[in-house]
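So the sequence lines, in the order shown, correspond to chains B and P. For the first sequence, position 2 (counting from the first letter as 1) is numbered 1073 according to my numbering, and the numbering increases by one without interruption. For the second sequence, position 312 (counting from the first letter as 1) is numbered 332 according to my numbering, and the numbering increases by one without interruption.
Calculated from the structure, these hints are not laboratory results. One or more hints might be untrue.
The following label-pair restraints were derived from C-beta to C-beta distances [unchecked claim]: (1) B/G1081 <-> P/A249: 21 to 31 Å; (2) P/E232 <-> B/E1100: 26 to 36 Å; (3) B/D1096 <-> P/S32: 34 to 44 Å; (4) P/A617 <-> B/L1074: 39 to 49 Å; (5) B/D1096 <-> P/K79: 38 to 48 Å; (6) B/P1097 <-> P/G518: 45 to 55 Å; (7) B/D1096 <-> P/G77: 48 to 58 Å; (8) B/P1097 <-> P/T417: 41 to 51 Å; (9) B/T1090 <-> P/A484: 31 to 41 Å; (10) B/E1150 <-> P/A211: 20 to 30 Å; (11) P/A187 <-> B/L1074: 41 to 51 Å; (12) B/E1150 <-> P/Y422: 49 to 59 Å; (13) B/G1081 <-> P/Y422: 40 to 50 Å.
Derived coverage of chain P by chain B (criterion: at least 3 residues anywhere in the stretch with Cβ under 8 Å from a Cβ of chain B; other residues may be distant) [unchecked claim]: (14) 117 to 127; (15) 463 to 475.
Where is the CB? At the ideal position from N, CA and C, for every residue including glycine.
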Amino acid sequence: MGLLSELPPGASGRIVDITAQSASDPIAERLHDLGFVAGEPVKLVSYGPFGADPLLVQIGFTRFALRRSEAARIVVNTEEAAHV
Amino acid sequence: MSDTTLARPPVSIALVGNPNCGKTALFNQLTGSRQKVANYAGVTVERKEGRLVLPSGRKVRVLDLPGAYSLNATSPDEAVTRDVCLGQHPDETQPDLLLCVADATNLRLHLRFVLELKRLGRPMVLALNMVDAAKRRGILIDRDKLEQELGFPVVETVAIRRQGAAALINVLDEHRLAVPAAPTTGADLHAEARRLIASAVTMPQPTSPIDEAIDRWVLHPVWGLLILAATMLLVFQAVYAWGEPIKGIIDAAIQWLGAEVTALLPAGILRSLLVEGVIAGVGGVLVFLPQILILFFFILVLEESGYLPRAAFLLDRFMVGAGLSGRAFIPLLSSFACAVPGIMATRSIPDPRDRLLTILVAPLMTCSARLPVYALLIGAFIPDRAVFGVFNLQGLTLFALYAAGIVSALIVALVARYIGKQASEQALLLEIPAWRVPNPRDVFLGLRERAGIFLRRVGTIILALSVLLWFLSSFPTPPADWSRPAIEYSFAGHIGRGLAMLFEPIGFNWQICVALIPGLAAREVAISGLASVYAISAGDGTEQVLATTLASSWSLATALSLLAWYVFAPQCLSTIAVIRRESGSLKITLFSVVLLAFMAYAAAFAAYHLTGALQ
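Produce the entire structure from the sequences given, and follow the hints as far as they go.
Laid out in structure tokens, this is it:
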């Protein structure tokens, strides 16, 4: 178990939970709408060049650039490294 | 399929779908050149409507709604899409039919939104777009099964291919379109999308191997930045190398037209109005059209291919450090050529706050029109001598002027970020779409739209302001025995003398103040303004004579003060007009003008008094 923002490049896992930072966290809601929901396989593809930020994340058939603070809302289980 | 069908054939259709689903390409395919582009009232969201004539002869209005990931809107674009789909938009009637567009290679994400829209219980058709790309990647979609599960027609389209929407047009022409039964709202849309994909789609692997191979280079921390630098170099090289010659041709054509009209009409008010007001004023702005089009050609190609989000990915952290977002980079870089296309390019920034901030700082990037003024004053006042053996003092001054613009933009952005700190966290959440070969028709229609916006500006507000400036500089006409330059006798001359009091603390004499008035039309026009105030007749070597005259009549402090003024001053009506249009707000436009004027005055004041103290 860990945060998506702490994975090394190339690592993958399954989403366990999205932690909202407040009662109505629009970023957490948007992550949910974009498909970041429990049970989905994710992969951290690579980092941006400055300060290893943002992160390039593969989810389903889609890739997103997420800032570190955004990816820190995503709890993943790396034990269950599903094929992404 | 449900038994309920539409009572009457649909007369209005709205295209709705995720960003990057090929929606606009499909809209272009359906409506061709019969499109109208405007803005939704009060917001900076583009409203695109077109007309489709079906084989049966029936005419249908087609609305291209902004791309959205969800009806839970997080941007003004998405709010428009939500309101129109729900029938809650004040200026838009609810469309008879929602034409959902989904990228066949990205169904896991796009089906969720389709299912969310299905909940509205409105008549729907789903266009599975880019089925050709899906087939190439071995993705198999059971269309019949999907249609059966969804309960409304599903058609395959290839928006970028001729006849790629034929099946869709046939379905739209059928009178009996089913209305899906509204499902229960509690169901988990993601679970439903997963179930649909499991039952109707076979997908060998999630991403295309070619895309992954390209991205290994393009998004690489070192190679990616080098590729970005090379791309930008190519774009700006093209803007200058291709744009300048065409600019020369247009310039020559305008001068020829002016000369022809001068020869044709008797001397008098009408001739002066046409030649010095209309032709010179509008022509001075029109010459920027080729460079604007070349720049936009590249921006559209980079956008269509999927490179722009990648550039934003590479630069996001760097730009966030400056209080902006990664997407602000290209508009700001474009502003070094001209702030007008730069500000127009901020449309690729989805976050309204980031977009406004970028619009606000774009005029601080030193545009090419400031260069003639810089060159004249540096040549006249800064000695051409070496500094530390390798640098040239004139070159260093020019560099300092460019740097002053960039540094002040950083300060403005940081201050704005500091003030806005209480505001909620700004999200990136940027989709990196699949690579695509840009479609010439989509690039052409995009270019035509930008050219149209620019030309309408030239034809309306800039024409009106040029005529006003001409009037101020020409009237009242001096009496026959007036021996000094005619402009001194005019309203502009009087206004300039009046302003001289205001500008005296920053070292401007009344001649400079008079020249600044016609210089509002375009920055470089201030040079001809100065030439006419100092009564230097036009001809060969005008600038040389002017430089010598200025060097003998101004102090160094005044010259440096004017240079500092030019780094910031809101001295360009086209820029102000485009800020007004793109921000959609008079308040923001006024704020921008006041901010720039304040910065210009402060910088000129500092330059004047520091030079005075050091001498």
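- Query: So the hint says 21 to 31 Å: do the beta-carbon atoms of B/G1081 and P/A249 match that?
  - Reply: Because 27 Å falls inside the window, the suggested range holds.
- Cβ distance range 41 to 51 Å for B/P1097 and P/T417, holds or violated: Holds, since B/P1097 and P/T417 (Cβ atoms, about 47 Å apart) stay within the stated range.
- Message: A range of 40 to 50 Å was offered for this pair. Does it hold for the Cβ distance of B/G1081 and P/Y422?
- Response: holds, 41 Å
- Message: Taking the Cβ atom of B/P1097 and the Cβ atom of P/G518, is their distance within the range 45 to 55 Å?
- Response: Between B/P1097 and P/G518, where Cβ atoms are some 52 Å apart, the hint holds.
- Task: Establish whether the coverage given for the region 117 to 127 of chain P by chain B is satisfied; the threshold is a Cβ-Cβ distance below 8 Å, and no fewer than three residues must meet it.
- Result: That given contact holds, which follows from 3 residues of the region 117 to 127 of chain P lying within Cβ reach (below 8 Å) of chain B.
- Item | Coverage assertion for the region 463 to 475 of chain P with respect to chain B, Cβ distance below 8 Å, three residues required | violated (count 0)
- Does 41 to 51 Å hold as the CB distance between P/A187 and B/L1074, or does it fail? holds, 46 Å
- Does the Cβ-Cβ separation between B/T1090 and P/A484 fall within 31 to 41 Å? The hinted range 31 to 41 Å is violated for B/T1090 and P/A484, with Cβ atoms some 56 Å apart.
- Message: Holds or violated: the 39 to 49 Å window for the beta-carbon distance between P/A617 and B/L1074?
- Response: holds, 48 Å
- Task: Confirm or reject the claim that B/E1150 and P/A211 have a C-beta distance inside 20 to 30 Å.
- Result: Given about 23 Å between the Cβ atoms, the range holds.
- Query: Is 26 to 36 Å right for how far apart the beta carbons of P/E232 and B/E1100 are?
  - Reply: holds, 30 Å
- Message: Given the hint of 34 to 44 Å, is the C-beta distance from B/D1096 to P/S32 inside that range or not?
- Response: holds, 37 Å
Hints 9 and 15 from the list above are not met by this structure, while the remaining hints are.
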